[in-house]
Every structure is written in structure tokens, then in C-alpha cells.
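Chains as they are written, first to last, in UniProt numbering: chain A, 1 to 342; chain B, 1 to 342.
Please note that a few of the clues may not be correct.
Stated by the list, open to error - For lysine-lysine, the following BS3-like pairs were computed, each having C-alpha atoms within a straight-line distance of at most 30 Å:
#1 B/Lys295 - A/Lys182
#2 A/Lys295 - B/Lys295
#3 A/Lys144 - A/Lys15
#4 B/Lys224 - A/Lys182
#5 A/Lys73 - B/Lys73
#6 A/Lys144 - B/Lys309
#7 A/Lys65 - A/Lys144
#8 B/Lys4 - A/Lys126
#9 B/Lys4 - A/Lys124
#10 A/Lys4 - A/Lys295
#11 A/Lys4 - A/Lys309
What the hints assert, rightly or not - Computed far set for chain B versus chain A, every beta-carbon distance over 10 Å:
#12 Lys73
#13 His75
#14 Ile106
#15 Gly138
#16 Pro152
#17 Ser155
#18 His183
#19 Glu198
#20 Asp215
#21 Ile226
#22 Glu264
#23 Gly280
#24 Asp283
#25 Asp292
Calculated from the structure, these hints are not laboratory results. A quick note: this is a predicted structure, and the numbers were derived from the prediction, not measured. Every residue gets a Cβ at the ideal spot worked out from N, C-alpha and C, and that includes glycine.
There are 2 protein chains.
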Amino acid sequence: MAHKASAAVPVKGSKLMVIGGASLVGSATVDEMLARGAEQVIIFDNLSFGGQPNIAHLEGNPKVKVVQGDILKLHQLLAATEGVDAIVHLAAYMTLNFDRDPWGGIDVNVRGVQNVLEACRSNKVKKLVFSSSNAVYGYGPGVKGDLVEGVPFHSEGAPPAAILYGASKIMGEQLCRDAFRKHGQDYVVLRFSTVYGERQHYRAANALYIVETHDAIKRGERPKVIGDGSETKHFVYVGDLARACCMAIEAPSTDVAVNTSGPEPITTLQLVNLVAELSGRPDLQAELVEPDPTKVRLTSGGAFEIVHKAAKDAIGWEPQVTMREGLGRLLAWRDAEAKRNA
Amino acid sequence: MAHKASAAVPVKGSKLMVIGGASLVGSATVDEMLARGAEQVIIFDNLSFGGQPNIAHLEGNPKVKVVQGDILKLHQLLAATEGVDAIVHLAAYMTLNFDRDPWGGIDVNVRGVQNVLEACRSNKVKKLVFSSSNAVYGYGPGVKGDLVEGVPFHSEGAPPAAILYGASKIMGEQLCRDAFRKHGQDYVVLRFSTVYGERQHYRAANALYIVETHDAIKRGERPKVIGDGSETKHFVYVGDLARACCMAIEAPSTDVAVNTSGPEPITTLQLVNLVAELSGRPDLQAELVEPDPTKVRLTSGGAFEIVHKAAKDAIGWEPQVTMREGLGRLLAWRDAEAKRNA
Numbered sequence: 001m002a003h004k005a006s007a008a009v010p011v012k013g014s015k016l017m018v019i020g021g022a023s024l025v026g027s028a029t030v031d032e033m034l035a036r037g038a039e040q041v042i043i044f045d046n047l048s049f050g051g052q053p054n055i056a057h058l059e060g061n062p063k064v065k066v067v068q069g070d071i072l073k074l075h076q077l078l079a080a081t082e083g084v085d086a087i088v089h090l091a092a093y094m095t096l097n098f099d100r101d102p103w104g105g106i107d108v109n110v111r112g113v114q115n116v117l118e119a120c121r122s123n124k125v126k127k128l129v130f131s132s133s134n135a136v137y138g139y140g141p142g143v144k145g146d147l148v149e150g151v152p153f154h155s156e157g158a159p160p161a162a163i164l165y166g167a168s169k170i171m172g173e174q175l176c177r178d179a180f181r182k183h184g185q186d187y188v189v190l191r192f193s194t195v196y197g198e199r200q201h202y203r204a205a206n207a208l209y210i211v212e213t214h215d216a217i218k219r220g221e222r223p224k225v226i227g228d229g230s231e232t233k234h235f236v237y238v239g240d241l242a243r244a245c246c247m248a249i250e251a252p253s254t255d256v257a258v259n260t261s262g263p264e265p266i267t268t269l270q271l272v273n274l275v276a277e278l279s280g281r282p283d284l285q286a287e288l289v290e291p292d293p294t295k296v297r298l299t300s301g302g303a304f305e306i307v308h309k310a311a312k313d314a315i316g317w318e319p320q321v322t323m324r325e326g327l328g329r330l331l332a333w334r335d336a337e338a339k340r341n342a
Numbered sequence: 001m002a003h004k005a006s007a008a009v010p011v012k013g014s015k016l017m018v019i020g021g022a023s024l025v026g027s028a029t030v031d032e033m034l035a036r037g038a039e040q041v042i043i044f045d046n047l048s049f050g051g052q053p054n055i056a057h058l059e060g061n062p063k064v065k066v067v068q069g070d071i072l073k074l075h076q077l078l079a080a081t082e083g084v085d086a087i088v089h090l091a092a093y094m095t096l097n098f099d100r101d102p103w104g105g106i107d108v109n110v111r112g113v114q115n116v117l118e119a120c121r122s123n124k125v126k127k128l129v130f131s132s133s134n135a136v137y138g139y140g141p142g143v144k145g146d147l148v149e150g151v152p153f154h155s156e157g158a159p160p161a162a163i164l165y166g167a168s169k170i171m172g173e174q175l176c177r178d179a180f181r182k183h184g185q186d187y188v189v190l191r192f193s194t195v196y197g198e199r200q201h202y203r204a205a206n207a208l209y210i211v212e213t214h215d216a217i218k219r220g221e222r223p224k225v226i227g228d229g230s231e232t233k234h235f236v237y238v239g240d241l242a243r244a245c246c247m248a249i250e251a252p253s254t255d256v257a258v259n260t261s262g263p264e265p266i267t268t269l270q271l272v273n274l275v276a277e278l279s280g281r282p283d284l285q286a287e288l289v290e291p292d293p294t295k296v297r298l299t300s301g302g303a304f305e306i307v308h309k310a311a312k313d314a315i316g317w318e319p320q321v322t323m324r325e326g327l328g329r330l331l332a333w334r335d336a337e338a339k340r341n342a
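I would like the entire structure built from these sequences, with the hints used as guidance.
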């Protein structure tokens, strides 16, 4: 079918929805949309992961509407998406939750995307931004070097939950492609790398290196690193992702999937020691420990870098916040929260 | 958890179920089970692809029970699997049907496996054989050389339906692995390559090279080959797969995924000319044509071979039927069918 010349939707003046809007990335995206002059932002979230505090600061804002709804209930999505110009769809299970409940993960990550696409079609939502993951490149020794958008999915030796999670994101992306081909649904897929930032939670396996390290240091203990500390992780700051979501809505691009990663990768040892330094305890150096076989781990093989050049080309986005800067903000937020709750 | 020393279930004397038992592979597997002395074989099939003629020869056989049921209806599976010793689960959408109805494909290929695993757990089915596919290695130029069991999933440039199909099989395999880890469900995954043989249908994109070629020759036309005819395909004869399903039940192995491919790969040009030769019209040589952009095609890049050595190690299986022999049987069956229906 013929497609429009531009799939751009302005954030300013538009009615937007963030599904999973009470999450880490969701709440930051809502803030970014409001800062860019959105007319209305609907937070659609089932609040199952306790996101209420993430959006408490928006209470009473006349431009914000909270809908406690479930993407597995299509009628709720259909009602909530009436008149919506663009959607950022973030609701998902990640690997740790997939391990506890694979059935729920498949429901949310696959059936959920199907329902969101149905709602987009039914209510003529102009653009969808779908949060995929660098998990589409998989796990283990095959994942190394430059991870650009055509790299295949490696899974040998990875835990079932991790492979299910990665495959669910591959499916979500392809459902978007299929909707574009079959009825012209404009969309941009953002392949998030591991997110960190203010409002950080404990549900992401890789981000545990930050929050568990910070917790250990607060207790005056040496933080732990699994293995020899040489494993690569590539994070991205939550505020950078919030910008990416808005830029993906506003970009003329459609039918494209791009990586959204931070300025550069880091090793687990460097990360843990950086957290110690920023916490004012550079003396508490990392202790190397053996893996706990009862816990799901996401191992990387060789050194890798998640290349975000295609995101610059497609939506004009580049990360702005270094790990040192972003971790400083995250730790300051955690300290403030701890004081507030003390 | 501790696992049994052997996951072998004898076919002889056992009560077995074939889900998708009225299909090409299903009907051959039922025949093989009966030949090996199964006590009872339950054919569980929704007959949505018109498989009735495939099992017409079994009518009146006291050892065979046909249950017209749907794997999406868990209560039907729970009722039908009571007292069953082992299941071969074959019901699936392939790429062409995924293109027409991705929602149905995800239902059958993902939710269906979940339901089958639930039924296995609930009724203590000792062993599950799950039909995966070489689609777990993906499509396009990345797929070349020896395809052994650790090769990653390539998808760049492939149609959404093909990627969805491949990802659905990856998920099905991982759901089996998860069930083994969480509650000791014994299983063997067989990664079928493209099946061909008696009772061949038109639903498999790669097997169209056989049946459409045969149809053209019957009309006295030159058969068509898309592209330059150098693409690799690796088929497997249906009777060899029926043996593999039985051997996977009987093998002590569990928690393993192996390729089941034919003796050797073939190019599309060789295949089409072999069909012409076996049809008695070697003069009707293949005509090379441009791809039809409206049809889903599964392209391969370089030459490849799907290596089946691991199947020999895990379940003692090797293919026995060459393409020349198997194609001869398939064409003879088609000729007999045409005469019967004339």
C-alpha cells in the first residue's frame, strides 16, 4: 500500500499515551512529553509492579490522566486509546519475571503487543513507539563486537527465561512490521539497552549491579561481582530514553528498529567500582564471587558495544548522559529516597 | 531437581498421542507407532487443515482413537491426555499461514505448546516430543555452512511471517526446557527440516517446489524456479521423521534439541529437474523466473547443510531415504491420487 511521506507526529499539542507509564522509563517519558508541550498524556498502567510512587509527582496535573488498565484486556485499551495521536508502549515482563512466570510474560510481551496494535488500528493512532530490547541479539559467547541492527539472535547456553524474553521482543517487533505492511501502521522500534536512572527498581537483572552494589556499600560491605568482572554491560540513562521515545514520535521515520544505548559500554568490575567511588567509598573495592546457580544470570561472552548510529540516522537521537553523570543522579535519588523514608 | 536415569518410554504396549495426528507427519507417525506395537494411538487434531483423508485408512482400527479437539482448549487436552504415556506434538502454523493470520499462528504455536505442557504436567505424561523446525536458524544470507544446533537465529530481511514462525518455534523449545527445569518434564525437540512425502499438501513454502513443479509437468508446462536456482533447500522424507518421533520417545535422552534432516541438501534447480526426470519429462527443464513480490518466500543465502549428527548421538536416528527415492514415492502417490479422483 502507499505510505505517507512523513510519519511525524508533533508531541506539542498532541494527545499521547504511555502504556506502562508508571514505570521507570514510562514516568520519565511522561515528564519529557509534558516538558515538550503535550496537550494530554494518558498513563495506561496496571500498576502491578507498584509504580504509583513513580507518578505521584504528577497528581493533580490537568494534562495527565491515569488509566489503571491491563493490555490483556482489549476493551480497556480500545476505550483508553480513543482520540490518541501516538502511543509509547513500554509494558513488559523482563527476564527475571519471565523466569518466575513464563506464561504471564508471553501474555504481556506477545499478546499485549497484539492488543496494542489492534487498538492502534481501531482508533487510527498515527504512530506507535515500541520498546524492544538489545535482548534481540541474545546471550552468551556469540554476542560480541559491534552489535548493529542486523546481528542475529544468539541463545546457546542461555536460561529459558532469557531466550523467551528475547524471542518475545523479536515477535513484538515483527508484529509491528506486519501491521505496517498489512494496514500502514506507522511505528518505530527502540531497542533499549539496560536502563538505569532515578526511580530505579530491582526487576532488571543487569541493573542489579548498580542497586545491589549501592545497598552493600550503604551497609559498609564490599560489593560483589560475579565472575572475573570482565563482562561487558551497555547501559542507557533513563532520561536519554525518554528523549528517544519523544523523538521517535516526532521523527518522519517509520517501519524501522534502532538501538538506543548509552555513550559507551562498561565492564561489571568498572561499574561496581564506579558506584563505590560515587558513593564516597572507593575503599570498598569489588569482591569477585562465583555465580549462584539458582539465580538467572545474563552472561556476555566477549567484549561488545551496542552501536546507536542508526538511531541518529532514523530519529536524530544520541545519548547525552555519561555513566558517571547518570549514576551520580541515580545514587543521589536513592539517598534522598532513603532519607525521606527514614 | 533430581532427574531419572532414563527418559525412555517404549512405544510397544504404550498409550500414545499424536497432536496434529491427521497431518502429513502426524499420519505417518501414527502408522509407525502402530507398526511398532503401540497399545493405543490417540489422534488429537482439530482437522482444520482438512486432514481427514490422511487418516481414512485407519478407520475401524481398534487401536486408534480420533479426538477432534483443539490445543487452544485446555480442557479438551486435559480430558484427552488422561493415561497417555507419551505425546508427539506436531500441530502448528507454518509460515504461509502465519502470513495470512499471525494471531492464529501465535495462538497455536505458542499458547498451544503451553497448553500441551500443562496437560503433560497435569496427567503425568512421561515424555513429550515437540516438533520444532530448522526455522530456528532463520533466513537470509546469514544462514550458510553447517547448521548445527548452536547456530543463532538470523532474520535480517526476512518477511515478518517467517520471523514470527521461527521465533514461535524458539519459544516452544524454551517452554519445554523451562518445564524440564521447573518440574522435570522429559522431552525431546526435533528440529524438522522441510518435510515431503506421501500425503503432501500445499501449505509449506519450500515444498511448493515439489508439488507445483509436478503440477506444471502434468499440464505439459516447464516448471518454474525462482531466481537462479542455486538456493539450497534441505528436505527430509516423512517416513524418516515418523521413525524419528518414535525413536525420540524410546530414547533414554531428555532435555535435548536435535536436527532431523534428510541425507543431503539440494539446490532448487536440481530439485525441480529431478522432479521433471522422475515424472518422465526430463525434457521439461526448469524456467528461471523473477520472484513474485506479493508472495512470501523463504530465501537462503549461501549453500548450507542441516547437520543431523546430534540426532544420531541423542536418539540413534539417521535419515534413510534419499531424495530420489522419497520423491519417487511422493510422485507415485500423487499419480495414484489423481487417478482415484479422476
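The hints, checked one at a time:
Restraint check for lysine 295 of chain B and lysine 182 of chain A: the C-alpha separation of about 13 Å stays at or below 30 Å, so the hint holds. Straight-line distance between C-alpha atoms of lysine 295 of chain A and lysine 295 of chain B comes to about 45 Å, which puts the hinted pair past the 30 Å bound. At roughly 41 Å between alpha-carbon atoms, lysine 144 of chain A and lysine 15 of chain A are farther apart than 30 Å, so this suggested pair is violated. Using a Cα cut-off of 30 Å, the hinted pair lysine 224 of chain B and lysine 182 of chain A holds, with the two alpha carbons roughly 28 Å apart.
As the CA atoms of lysine 73 of chain A and lysine 73 of chain B are separated by approximately 19 Å, the hinted pair is consistent with the 30 Å bound. Between lysine 144 of chain A and lysine 309 of chain B the alpha-carbon distance is near 28 Å, which keeps this suggested pair within the 30 Å criterion. For the given pair, lysine 65 of chain A sits about 43 Å from lysine 144 of chain A by alpha-carbon distance, which is inconsistent with the 30 Å threshold. Proximity of lysine 4 of chain B to lysine 126 of chain A is assessed by CA-CA distance (about 55 Å); at most 30 Å being required, the pair is judged violated.
For the suggested pair lysine 4 of chain B and lysine 124 of chain A, the alpha carbons sit about 55 Å apart, so the restraint of at most 30 Å is broken. A hinted pair counts as satisfied when its Cα atoms are at most 30 Å apart, and lysine 4 of chain A with lysine 295 of chain A does not qualify at roughly 48 Å. Using a Cα cut-off of 30 Å, the hinted pair lysine 4 of chain A and lysine 309 of chain A holds, with the two alpha carbons roughly 25 Å apart. No beta-carbon of chain A is positioned within 10 Å of the beta-carbon of lysine 73 of chain B; the least distance is around 16 Å.
A cut-off of 10 Å between C-beta atoms confirms that histidine 75 of chain B is not in contact with chain A; the least separation is 17 Å. Against chain A, the non-interface label of isoleucine 106 of chain B is violated: not every CB pair exceeds 10 Å, the least being about 6 Å. A beta-carbon of chain A comes within 10 Å of the beta-carbon of glycine 138 of chain B; the shortest separation is about 6 Å. The non-interface label for proline 152 of chain B is inconsistent with chain A: the shortest C-beta to C-beta separation is roughly 4 Å, within 10 Å.
Listed as a non-interface residue, serine 155 of chain B fails to keep its Cβ farther than 10 Å from every Cβ of chain A; the least gap is roughly 7 Å. Every CB of chain A is more than 10 Å from the CB of histidine 183 of chain B (nearest about 12 Å), matching its label as outside the interface. Listed as a non-interface residue, glutamate 198 of chain B keeps its Cβ farther than 10 Å from every Cβ of chain A; the least gap is roughly 34 Å. For aspartate 215 of chain B, the requirement that its beta carbon stay farther than 10 Å from each beta carbon of chain A is met, with the minimum near 29 Å.
Non-interface status of isoleucine 226 of chain B relative to chain A is upheld: no Cβ of that chain comes within 10 Å, the nearest being about 20 Å off. The Cβ of glutamate 264 of chain B sits about 25 Å from the closest Cβ of chain A, beyond the 10 Å cut-off, so the non-interface label holds. No beta-carbon of chain A is positioned within 10 Å of the beta-carbon of glycine 280 of chain B; the least distance is around 42 Å. No beta-carbon of chain A comes within 10 Å of the beta-carbon of aspartate 283 of chain B; the shortest separation is about 41 Å.
A cut-off of 10 Å between C-beta atoms confirms that aspartate 292 of chain B is not in contact with chain A; the least separation is 15 Å.
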